[in-house]
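Chains as they are written, first to last, in this note's numbering: chain C, 1 to 111; chain G, 1 to 115.
Some clues are possibly wrong.
[What the hints assert, rightly or not] Not close to chain C: a few residues of chain G, all C-beta gaps over 10 Å, as computed:
hint, residue
1, 7
2, 58
3, 113
[Claimed, not checked] Just the calculated beta-carbon pair ranges, DEER-fashion:
hint, chain 1, residue 1, chain 2, residue 2, range
4, G, 114, C, 64, 39 to 45 Å
5, G, 29, C, 57, 16 to 22 Å
6, G, 22, C, 85, 28 to 34 Å
7, G, 53, C, 76, 36 to 42 Å
8, G, 31, C, 66, 29 to 35 Å
9, C, 66, G, 68, 37 to 43 Å
10, G, 110, C, 64, 27 to 33 Å
11, G, 68, C, 9, 35 to 41 Å
12, G, 29, C, 72, 27 to 33 Å
13, C, 71, G, 61, 39 to 45 Å
14, G, 79, C, 18, 45 to 51 Å
15, C, 15, G, 114, 38 to 44 Å
16, C, 27, G, 29, 29 to 35 Å
17, C, 38, G, 16, 33 to 39 Å
These aren't lab readings, by the way, just hints derived from the structure by calculation.
Idealized CB from N, CA, C, for every residue including glycine.
As a plain string of letters, each chain reads:
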Amino acid sequence: EAGVTQFPSHSVIEKGQTVTLRCDPISGHDNLYWYRRVMGKEIKFLLHFVKESKQDESGMPNNRFLAERTGGTYSTLKVQPAELEDSGVYFCASSQGGPQHFGDGTRLSIL
Amino acid sequence: QQQVKQSPQSLIVQKGGISIINCAYENTAFDYFPWYQQFPGKGPALLIAIRPDVSEKKEGRFTISFNKSAKQFSLHIMDSQPGDSATYFCAASKEGETGANNLFFGTGTRLTVIP
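Only chain C is shown next, with the shape it has when bound in the complex (with noise of 0.2 Å):
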């Protein structure tokens, strides 16, 4: 079984530019979720999808952020524009009906 895998490994662009990170969760993981580490700090929560519907965005840390999960399969969050605060690791995870499993995440550097 493939895991959920996550394109691009590392993303380096300047401030003001646009970002695309996809996530592809494991197949028939109805569950998909978005996390955020900023260096030496915790693994935050961003949002969550059941099938294409978010189902909790709390964790947005504002409007440059925009998920989308096309049809209820693969995921992605743009980042436009962006700003330096953004730099960390972008990681997605999947479930169904049992523990989250996670992506090797997104190394994204805003410089």
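Put chain G on the given structure of chain C with help from the hints.
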């Protein structure tokens, strides 16, 4: 406001020793407490988890101790090995009936096991 507090930030243990990582939480509605292990460049992987109806859970060399009244839980790694060197995160969530909810993580503990 951080929902789960974790200590220590880093830990160095001799091979064969016991590694102990502690966590505390505030929200009494939390009903699921997992520990995740993360190696460099990889995502967190579930190590072991406990629910508040038991005080201890053991899987191999890994044990979770849970104190509901103190709102604390800890991970014990017995006979620590160099391969256990990783970052460990405690977490908590309120799963309720749906069995799905976001996790609140601690800040992580970087464990180094010296050969």
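Tested hints:
At roughly 13 Å from the closest C-beta of chain C, the C-beta of residue 7 of chain G stays outside 10 Å, upholding its exclusion from the interface. Listed as a non-interface residue, residue 58 of chain G keeps its Cβ farther than 10 Å from every Cβ of chain C; the least gap is roughly 18 Å. With a least beta-carbon separation of about 22 Å from chain C, residue 113 of chain G lies farther than 10 Å from that chain, consistent with its non-interface assignment. Checked against the hint of 39 to 45 Å, the C-beta distance between residue 114 of chain G and residue 64 of chain C comes to roughly 44 Å, which is consistent with it.
In this structure the supplied range 16 to 22 Å holds for residue 29 of chain G paired with residue 57 of chain C, their Cβ-Cβ distance being about 20 Å. For residue 22 of chain G paired with residue 85 of chain C, a C-beta distance near 30 Å keeps the hint of 28 to 34 Å intact. Distance hint check for residue 53 of chain G and residue 76 of chain C: the Cβ-Cβ separation is about 39 Å, which falls inside the suggested range of 36 to 42 Å. Restraint check, residue 31 of chain G to residue 66 of chain C: a C-beta distance of roughly 32 Å satisfies the suggested window 29 to 35 Å.
Evaluation of the 37 to 43 Å hint for residue 66 of chain C and residue 68 of chain G yields a pass: the beta carbon distance comes to about 40 Å. Between residue 110 of chain G and residue 64 of chain C the beta carbon distance is about 31 Å. The supplied range of 27 to 33 Å therefore holds. The given range of 35 to 41 Å is respected by residue 68 of chain G and residue 9 of chain C, whose C-beta atoms sit roughly 40 Å from each other. At roughly 28 Å, the beta carbons of residue 29 of chain G and residue 72 of chain C sit within the given window of 27 to 33 Å.
As the Cβ distance of residue 71 of chain C to residue 61 of chain G is approximately 43 Å, the hint placing it in 39 to 45 Å holds. The supplied range of 45 to 51 Å is met by residue 79 of chain G and residue 18 of chain C, whose beta-carbon atoms lie about 49 Å from each other. In this structure, residue 15 of chain C and residue 114 of chain G meet the distance hint of 38 to 44 Å, their C-beta atoms being roughly 41 Å apart. A hinted range of 29 to 35 Å for the beta carbons of residue 27 of chain C and residue 29 of chain G is consistent with their spacing of about 32 Å.
Separation of residue 38 of chain C from residue 16 of chain G is about 35 Å and conforms to the stated range, judged on CB atoms against 33 to 39 Å.
Comparing the model with each numbered hint stated earlier shows that all of them hold.
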